[in-house]
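The listed protein sequences derive, respectively, from chains A and B. Using full-length UniProt numbering, you'd call the opening residue of the first sequence number 1 and step up by one each time. Using full-length UniProt numbering, you'd call the opening residue of the second sequence number 1 and step up by one each time.
To be clear, the hints were calculated from the coordinates, so they are not data collected in a lab. Keep in mind that a hint or two might mislead.
Computed cross-link-like contacts, SDA-like style, restricted to lysine to any residue with a CA-CA straight-line distance of at most 25 Å [as the list claims (entries may be wrong)]:
1) A:Lys45 / B:Leu102
2) A:Lys101 / B:Ser47
3) A:Lys45 / B:Asn174
4) B:Lys45 / A:Leu62
5) B:Lys45 / A:Gln91
6) A:Lys101 / B:Glu54
7) B:Lys101 / A:Gly104
8) A:Lys45 / B:Pro95
9) A:Lys101 / B:Ile53
10) B:Lys101 / A:Leu62
11) A:Lys101 / B:Leu98
Protein chains: 2
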Amino acid sequence: MNRKVLSNLAFHVLTDREWSRGRSMLEVASAAIDGGATVIQLRDKMSSTRTLIEEGHALRELTRERGVLLIVNDRVDVALAVDADGVHVGQDDMPGDLARKLLGPNRILGISAGSMEEAVAAIVAGADYLGIGPIYATRGKADAGEPVGPGLIAEICKRYTTPLVAIGGITTENAGEVMQAGAAGIAVITAVVNAEDVYLAAHQLARALIV
Amino acid sequence: MNRKVLSNLAFHVLTDREWSRGRSMLEVASAAIDGGATVIQLRDKMSSTRTLIEEGHALRELTRERGVLLIVNDRVDVALAVDADGVHVGQDDMPGDLARKLLGPNRILGISAGSMEEAVAAIVAGADYLGIGPIYATRGKADAGEPVGPGLIAEICKRYTTPLVAIGGITTENAGEVMQAGAAGIAVITAVVNAEDVYLAAHQLARALIV
Ligand code: NI
Chain A
1 MNRKVLSNLA FHVLTDREWS RGRSMLEVAS AAIDGGATVI QLRDKMSSTR
51 TLIEEGHALR ELTRERGVLL IVNDRVDVAL AVDADGVHVG QDDMPGDLAR
101 KLLGPNRILG ISAGSMEEAV AAIVAGADYL GIGPIYATRG KADAGEPVGP
151 GLIAEICKRY TTPLVAIGGI TTENAGEVMQ AGAAGIAVIT AVVNAEDVYL
201 AAHQLARALI V
Chain B
1 MNRKVLSNLA FHVLTDREWS RGRSMLEVAS AAIDGGATVI QLRDKMSSTR
51 TLIEEGHALR ELTRERGVLL IVNDRVDVAL AVDADGVHVG QDDMPGDLAR
101 KLLGPNRILG ISAGSMEEAV AAIVAGADYL GIGPIYATRG KADAGEPVGP
151 GLIAEICKRY TTPLVAIGGI TTENAGEVMQ AGAAGIAVIT AVVNAEDVYL
201 AAHQLARALI V
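Only chain A is shown next, with the shape it has when bound in the complex (with noise of 0.2 Å):
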């Protein structure tokens, strides 16, 4: 897989210490990018801000040495500190705007909306991409609500152009689906992380986001 293919925002793989069965983040985030990912996302609800700034400055080196992505989940100030080139939010984490005013113009925002309502509001508030879903059952994430579908990102692809990346439950089986609904891409984690070869699991991903 040449990743040149791929846009910037096609294909997101979120970091996550308990699905990663042992391996180091920098391990997996090389592999998945090795596979196809355009954006590692460094998603750690556990550990402490001095930890997650070590892990920052490290994936932060990787992406750009490989020329990929780097976006920090929930926490504004740890993409700051380390330089990344953006934050996710979702609807536990600071608002958008707020997330917008520190961030400053530059850097990427992205937003979670799980209802047209969310969208407009993301929208609204200025993200770059939104993070729509979940679109499928995931086991992933145990506080993610139910299902929308695929027919969210149609709908909302009809009254907008700002890049929607699905998340939840996708596989090599239903990516092709997503992307024919309109996203932008996809953004996953323990069809990833917790592949047993994590290069492979990402590189047949990114073929099937090719549709």
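Following the hints, position chain B with the ligand against chain A.
Same frame as chain A, now just chain B with the ligand:
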């Protein structure tokens, strides 16, 4: 107690959900200020960023009205989002020099130190005050190290002019001792937030500071 007799950094009360006997953060902070607290430090390691920002906004309004400082523990992002007066970072939080860079020169930066080496590093990183401790054994912070005693305050005082705030097991009985060792103030958690009468506990501590 007329709080104006105390300097700005004299009496820090840290919030703590677990130890507040079910009372709201705002109610506890308000009574602590009535009793003489000059700094409210928002400390909440359990809640989402969204909740932290809501708490911070409420405390910002309260502290501004009452003319006391608001410091946010650990979270530079939350401090900036709610326009707090500053941030306090411990050894597991963002490194002091990075925190200073994100905060800019005009917000207060407090850094925890439990030894002369940590104190020197904190001063070099740009601390406006040092949190020295744990001075005595404490029940409020499960991860606090071995008590350092008031002697460390006296030692640092001989070499540096940065204000020192004593934390860890401070009571009305020993507050005089740490102030005489050279502390500019004290910081408490359970001694105030867990008290049956928050106002009274704060008031007695405030009086004990005047040695
Ligand atoms: Ni290939």
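Q: Would you pick out the hints that fail for this structure and give their numbers low to high?
A: Checked against the structure, the hints that fail are numbers 3, 4, while the rest are satisfied.
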